[in-house]
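Engineer: Residue-level listing of the chains:
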Amino acid sequence: MSTRATRRERTVYDPRGVVEAEPRSIAPRLEAGSAIRLGVLDNTKWNARKLLQATVAELESGGAIGEVRYYKKETFSKNAAPDLIRQIAQENDAVLTAVGD
Amino acid sequence: MVAKITQPVAEDVDLVEWYYEQGFSDGLPVVPPTPEKPSAVLAALGGEPDLVECRVPPRWGNLTREVLAVNIVMAGCKPEYAPVVRAAMLALSGPAFNLNGVQATTHMASPLIVVNGPVRNEIGMNAGANVFGSGNRANATIGRAVRLILLNVGGGRPGELDKSTLGHPSKYTYCIAENEEASPWAPYHVEQGYEAEDSTVFAIAAEAPHSVTNHIANDPEGVLDSVVSAMSTIAHNNAVSSGACVVVIGPEHGATIASKGWTRSDVRSYLWMNTKNTFADVSFNHRYGTVYNRNLPRWYGRAPESRTPIVPSPNEIHLFVAGGEAGRFSAFIPGWGHMTSPVIRAIDGRPPASGPVCVDGTCAL
Chain P
0 MSTRATRRER
10 TVYDPRGVVE
20 AEPRSIAPRL
30 EAGSAIRLGV
40 LDNTKWNARK
50 LLQATVAELE
60 SGGAIGEVRY
70 YKKETFSKNA
80 APDLIRQIAQ
90 ENDAVLTAVG
100 D
Chain R
0 MVAKITQPVA
10 EDVDLVEWYY
20 EQGFSDGLPV
30 VPPTPEKPSA
40 VLAALGGEPD
50 LVECRVPPRW
60 GNLTREVLAV
70 NIVMAGCKPE
80 YAPVVRAAML
90 ALSGPAFNLN
100 GVQATTHMAS
110 PLIVVNGPVR
120 NEIGMNAGAN
130 VFGSGNRANA
140 TIGRAVRLIL
150 LNVGGGRPGE
160 LDKSTLGHPS
170 KYTYCIAENE
180 EASPWAPYHV
190 EQGYEAEDST
200 VFAIAAEAPH
210 SVTNHIANDP
220 EGVLDSVVSA
230 MSTIAHNNAV
240 SSGACVVVIG
250 PEHGATIASK
260 GWTRSDVRSY
270 LWMNTKNTFA
280 DVSFNHRYGT
290 VYNRNLPRWY
300 GRAPESRTPI
310 VPSPNEIHLF
320 VAGGEAGRFS
330 AFIPGWGHMT
340 SPVIRAIDGR
350 PPASGPVCVD
360 GTCAL
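Line by line, the protein sequences are chains P and R. Residues in the first sequence are numbered from 0 upward in steps of one, following numbering that gives the first Met the number 0. Residues in the second sequence are numbered from 0 upward in steps of one, following numbering that gives the first Met the number 0.
Since the hints were derived computationally from the structure, they do not count as laboratory data. You may find that some hints are simply not true.
[Said to hold, decoys possible] Computed footprint of chain R on chain P; a stretch qualifies when at least three of its residues, placed anywhere within it, have a C-beta under 8 Å from a C-beta of chain R: (1) 7-16; (2) 71-78.
[Stated by the list, open to error] A few chain R positions that, by computed beta-carbon distances, are all more than 10 Å from chain P: (3) 10; (4) 55; (5) 79; (6) 191; (7) 300; (8) 302; (9) 345.
Note that the structure is a prediction, hence the values are computed from the model and not measured. The beta-carbon is built from N, C-alpha and C at its ideal position, and this holds for glycine as well.
Based on the sequences and whatever the hints tell you, model everything.
Structural biologist: So, in C-alpha cells, the structure goes:
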C-alpha cells in the first residue's frame, strides 16, 4: 500500500491581461565631436522651462551643441502631436525634455 | 494572440494570501476568482471571453471580457453589476478621459463614477445617506472593480507607474448614484440628452469631496455662496489648471434652491459667475517671479485684478443631487484639470436619443 498522497490542485486566474506591445531598441548614440542639432521640448509643466534652460546652458558651455530649436507640447499630460514629433525628428539630432513638476 | 490566464495551485493554498503574494490586490483581501464565479460574470457580459473590451494604460494590458470578469469577482461584485463596471471602463479608456495621465500623475486624482437611471435601483445602489461612504455592496464593489482593473491591467501600482504624491481614500473605491428620487430637477443624464429610462455612467478624474455646510440660508444665493466659498481657493487643481469639477447638492439644499424656481442651469451659472479667485491669487502676486500660467485658458486675463474662474464655463460644473434626506450639506469635488475631460456613457453603449429641441422648424441652440 502506497503512503504517497496525490497532491490535488485547483485553477486560479491571473487578473492582469496580456500586453501586446513590441519591444523597440533605443536610438544609436550620437558621435562625439559633431555639432549636435538639439531640439528642446517644453512640456508646459510649472518648472520645466527653468530646468530645460539651465540644462541647455550647461550643454552649450561644453561646446557640443551646434544649434538649438525650441518646441512646446500642447499639454504636459498627453503625448506630443504626431506632426510635432515628426518635425522634431526631421530638424534635430537629439531632443531634450523634462518633467519639471 | 490569446494568452492563458489560468494556472494550477495546490488545493490547500490559501487563495486570499496567494493573491496578496502575487501583488494582485488593492491592499484589501480579494474574493478568489475560482472558475465558476468568473463564468457567471462572463455570462452577464455576453460571453466571448477573448473579446478585448479596451486596453488600460499606462501598462496597456488587454481588458478581455475574461480578465474583466476575473477582476469583477475579485472586487466582490455580483454578476449583475458587471455591465456597469464595463461601461465605466469603456468611459475611462476613451481618448477624452486621458486615463494614461490620470493613472500616472503626481496629483491625487482618481476616477469618480456616478451612475444614473433605472440600473441604480435594479442593482441596489445607494444614492442616499452616506452616499460617498461605506455600507453598500454595489457602490463599494463597482468602484473597487474599477480600481483593481486600473492596478492589475493598467499597472497603476503606487510608486511604480502611479506617481501620485498623496493619493486619496477614493483610490480604493469611488462610485455613487445620483439621488434622482430626491432631486427637484431632471436627472443629470437627462440634462446631457439621455432619456430618463436610459442608464448611464459619468466619469471624472477627481479629488476627494469637500463638505459644504450651510444651516442658515433659506434662499438659493445663500446656499450657493457656501459652495462658492469652497470653490474659491487656490489650493485645488481647478484653480491653477482649469478643467471641470463636480458639485453635489444635498437634498435639503436642493429643495431650498428649487423652492425659488432655480434650475440646474441657474445653479451652475451662479456658481461660475461668483467664484472669487483673481489672477493675483493664483500667481501669488508674482512673489516668486513673473507667472503667466500656461495651464489656464489663453482668454483669462492676466492682470492682477482679473477674475480667474474655477472652470472655463458653467457647463464644466457637473451638478448632481445625492445624499440623505436629512442634513444641510453639499459637496464640492475639484477635478484634475484641463488635461482630462469628463465623459458620460450609456450602460448599453447607445448614444443619447434626443437631438436638438425644435419647435415648428426652429431649433434651440
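Engineer: Would you mind marking each hint as holding or not holding in the structure?
Structural biologist: Here is how each hint holds up against the structure:
1. 7-16: holds (count 10)
2. 71-78: This one holds; 4 residues, not fewer than the three required, reach chain R with a Cβ under 8 Å.
3. 10: violated (4 Å)
4. 55: violated (7 Å)
5. 79: Residue 79(R) clear of chain P: closest Cβ-Cβ about 20 Å, beyond 10 Å.
6. 191: holds (24 Å)
7. 300: With a cut-off of 10 Å, residue 300(R) remains clear of chain P, as the shortest Cβ separation is near 20 Å.
8. 302: Per Cβ check, residue 302(R) is outside 10 Å of chain P; nearest 21 Å; holds.
9. 345: holds (24 Å)
Of the numbered hints listed earlier, those contradicted by the structure are 3 and 4.
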